[in-house]
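S.K.: Spelled out from the first residue to the last, the chains are:
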Amino acid sequence: MSTATVSLFAALLALLCLAGSVTVAVLALMHRSRPDSIAAGVFEDLRPLALWLAWVVAVATTLGSLYFSDVAGFIPCKLCWYQRIAMYPLSVVLLVAALRRDRSVWVYVTPLAGIGALIAAYHTQLQAFPDQSSSFCTTAAPCTERYVWEFGFVSLPFMALMAFVFIIAMVLVARVPAAVSSRSTDSDLQIGVS
Amino acid sequence: MTSARRATPTPTTPGPNRTIWIVGAVVLVIGIALVAAIVVSSSNKAGSGGTPAGSAGTVVANGSNETATVSITGTALPAFDGSVAVDPALGQAAPTLTGVNFAGQSVTIANDGKPKVIMFLAHWCPHCQAEVPRIQNWLDANGMPSGVDLCAVPTATTSARPNYPPSDWLVGKNWTVPVLVDSEQSEAANAYGLTSFPYFVAIDASGKVVARTSGELSMDAFAKLIDAARTGKTQ
Numbered sequence: 002m003s004t005a006t007v008s009l010f011a012a013l014l015a016l017l018c019l020a021g022s023v024t025v026a027v028l029a030l031m032h033r034s035r036p037d038s039i040a041a042g043v044f045e046d047l048r049p050l051a052l053w054l055a056w057v058v059a060v061a062t063t064l065g066s067l068y069f070s071d072v073a074g075f076i077p078c079k080l081c082w083y084q085r086i087a088m089y090p091l092s093v094v095l096l097v098a099a100l101r102r103d104r105s106v107w108v109y110v111t112p113l114a115g116i117g118a119l120i121a122a123y124h125t126q127l128q129a130f131p132d133q134s135s136s137f138c139t140t141a142a143p144c145t146e147r148y149v150w151e152f153g154f155v156s157l158p159f160m161a162l163m164a165f166v167f168i169i170a171m172v173l174v175a176r177v178p179a180a181v182s183s184r185s186t187d188s189d190l191q192i193g194v195s
Numbered sequence: 007m008t009s010a011r012r013a014t015p016t017p018t019t020p021g022p023n024r025t026i027w028i029v030g031a032v033v034l035v036i037g038i039a040l041v042a043a044i045v046v047s048s049s050n051k052a053g054s055g056g057t058p059a060g061s062a063g064t065v066v067a068n069g070s071n072e073t074a075t076v077s078i079t080g081t082a083l084p085a086f087d088g089s090v091a092v093d094p095a096l097g098q099a100a101p102t103l104t105g106v107n108f109a110g111q112s113v114t115i116a117n118d119g120k121p122k123v124i125m126f127l128a129h130w131c132p133h134c135q136a137e138v139p140r141i142q143n144w145l146d147a148n149g150m151p152s153g154v155d156l157c158a159v160p161t162a163t164t165s166a167r168p169n170y171p172p173s174d175w176l177v178g179k180n181w182t183v184p185v186l187v188d189s190e191q192s193e194a195a196n197a198y199g200l201t202s203f204p205y206f207v208a209i210d211a212s213g214k215v216v217a218r219t220s221g222e223l224s225m226d227a228f229a230k231l232i233d234a235a236r237t238g239k240t241q
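If you're matching them up, the sequences are chains A and B in order.
Residue numbering for the first sequence is 2 to 195, as defined by this note's numbering.
Residue numbering for the second sequence is 7 to 241, as defined by this note's numbering.
The hints are simulated quantities; they were obtained by calculation from the structure and are not laboratory data.
Take the hints with a grain of salt, since some may be wrong.
From the derived model, a few chain B residues whose C-beta atoms are all more than 10 Å from chain A [said to hold, decoys possible]:
#1 Val-32
#2 Thr-75
#3 Ala-116
#4 Gln-142
Per the computed footprint, the stretches of chain A lying under chain B, defined by three or more beta-carbons under 8 Å from a beta-carbon of chain B, are [what the hints assert, rightly or not]:
#5 13-25
#6 43-52
#7 86-97
#8 156-170
Note that the structure is predicted; figures quoted are calculated from it, not measured.
The beta-carbon is built from N, C-alpha and C at its ideal position, and this holds for glycine as well.
Chain B with its partners taken away, still in its complex shape (with noise of 0.2 Å):
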């Protein structure tokens, strides 16, 4: 606290004077750096950019869907809470949801009497990254279910979030369930009660949920799901 408060300057300037080589050697490595970024990157330009499209939905340069309307009927299911012991959810009507897939066909999930298990991934959460490339190994090696209907939902898709858009992500990983293409709002998500992502509602014959689940999933796991789905018995 006394007037001598400036550190001490440094008093003189080494001999062979390479400090200016060093900083000459900092830019330019970092403007080598800033080269080589701009190189690269540019040499790997994809043609994927995000393109808006209304509010309809998000239709990325390749010509695929990424996020459309989805028309919700039926009632809601309540949010889903892997806490609570019975899931209220069970035995309610799974609300019927009419959309397109990435290539902009209509797909519908509605009671047609066929059991189901309906997959709600995140293209940027990194659990549904390590879920999806299992699943796919899994029906590869057993085939699809018989007597069940798979369906995977992509929800919460932005171009703000990594790993976009999901259809690269999931035909990269030569994805085979069929898909609907959720809203930009994550209307169908919403209506399921997701509240984490994977989520996996499996639904029996009668279109009542039988069992509801969230994270990463075994391959036992998943096997019961369906086997849930198929007999409508909770487990």
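In isolation and in its complexed conformation, chain A is listed as follows (with noise of 0.2 Å):
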């Protein structure tokens, strides 16, 4: 596959990542006001799922920014890295969270997806005006470079940024019990109950 080909795919899955987040936030908000609805149905079908579906993007993210930089050769910035550090680690607290299906774990992972998140939303919007920053490219990587640019606005830190809210919202999804979970047993990590 060439790069052109690989950047369009990610983009697609970033934009796919956008509707997902905004479905389950639409699901959520039924699940609140309508709870015999069928979309609350969706929605508790989903919770089982959460932690898998976060764990996928997060490896997913992880391994195309490892294509990106060592396979199409782009050379990533200051504020790449910083968003590859929040990124990187989820890709194995999500597994360890939904191998044994930890609910609590948005604990962990809301800040570190959250400040990945706040990077990448200030990252996403350099590139879609990079006159901002100063008026010039030094030789070294800036990161006003759109390496990636499919669809007008679909940018690396698009893509980033998308990842990030789409695993917030899946380990928010998983830490709410499902109905029946009145019946646990376990109170240890029950923190996350609201």
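With the hints in hand, could you dock these two chains into one complex?
M.R.: As structure tokens, then:
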């Protein structure tokens, strides 16, 4: 596969993350306002999958970022590195959490992914409007350089932002215990229960 | 820290099991995205891929020279530092550059008695990308400056960075300024003391540097740079 193909595929995945996050937000609202609706049912069915979906996104983002730097040869800038630092551990942490069905993992994941999302949001707007940082590029990798620019707005930091947002949405979906959770016997890890 | 450290497994599966459908839908949508990406990018495939042609330079599939050997004579200019009040390069003779343009025709930047403004551009730099159409619009409106030669040097050229090759970029912007392509090692840019992009050097009729600047220029500043080269007066 060429770099152009991978870039386009990654951009589409980012848009899917966006669509998924919006859908989950709507389902969560439906679940709260109309617990008997089909949407609420779908939301319940999503719960056992949420951590796995979050993990899949973290792994795909990690591998994607490694592809762009090590295979495509794009040089990561400083802000790229900060986002990588926030994303890479999630691909391990979320796997452990998914295997253990640890619903309280949101306590650890939301700060990490939240910081990553903030940096990614800043970087996204910087690539969209590059004039604000300086009026020139240095010979090193500038943060304003658009390695990927699909559909006129999807950059690499935009993809990272969508991944962080989706991961946050998923760990929050997993957070609230399912309706049946009153049967749960474990009190040790229930700090996330609202 | 008790033995009950394992989190609670979800004890039941929901009644109508839609979980499998959710998984199926996710896999299906990802598969569609992959197929779409492959189909779209293969139908977009243009005939321009980087073909390294030895150490002499890079010629892409359409025959354009993206990098090429540049021979340099004269003393290199000191590295440009915009924070210094008086540029130490002012008054120094600019090195002579001999190389080729995208089409492989010989181009020389030498002390030929004509003032000149040389622009160093990196194809991947967003500020260069913003500056090029601005300069071209200005040239379209005002015509090529009389008595001052302009020359663009595409430098820091690499197929690993976006907006490659620079010939496609500049031709796409209807660029009319003569081009001298830099070498793979950016030797021409180094000889002129480049530290950032875009980078401009104004040279007077006697071949001396009269102004150097880096960063996006307003068209007023660009016109002043041309005047500085023409009059030989530093600003």
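S.K.: Please go over all the hints and tell whether each is borne out by the structure.
M.R.: Here's how the hints hold up against the structure:
1. Val-32: violated, 7 Å
2. Thr-75: Label holds. Min Cβ-Cβ 21 Å, cutoff 10 Å.
3. Ala-116: holds, 26 Å
4. Gln-142: holds, 18 Å
5. 13-25: Per the Cβ count (3), the hint holds.
6. 43-52: Contact hint for the region 43-52 of chain A vs chain B: holds, 7 residues under 8 Å.
7. 86-97: violated (count 0)
8. 156-170: violated (count 0)
Violated hints for the displayed structure, listed by number in ascending order: 1, 7 and 8.
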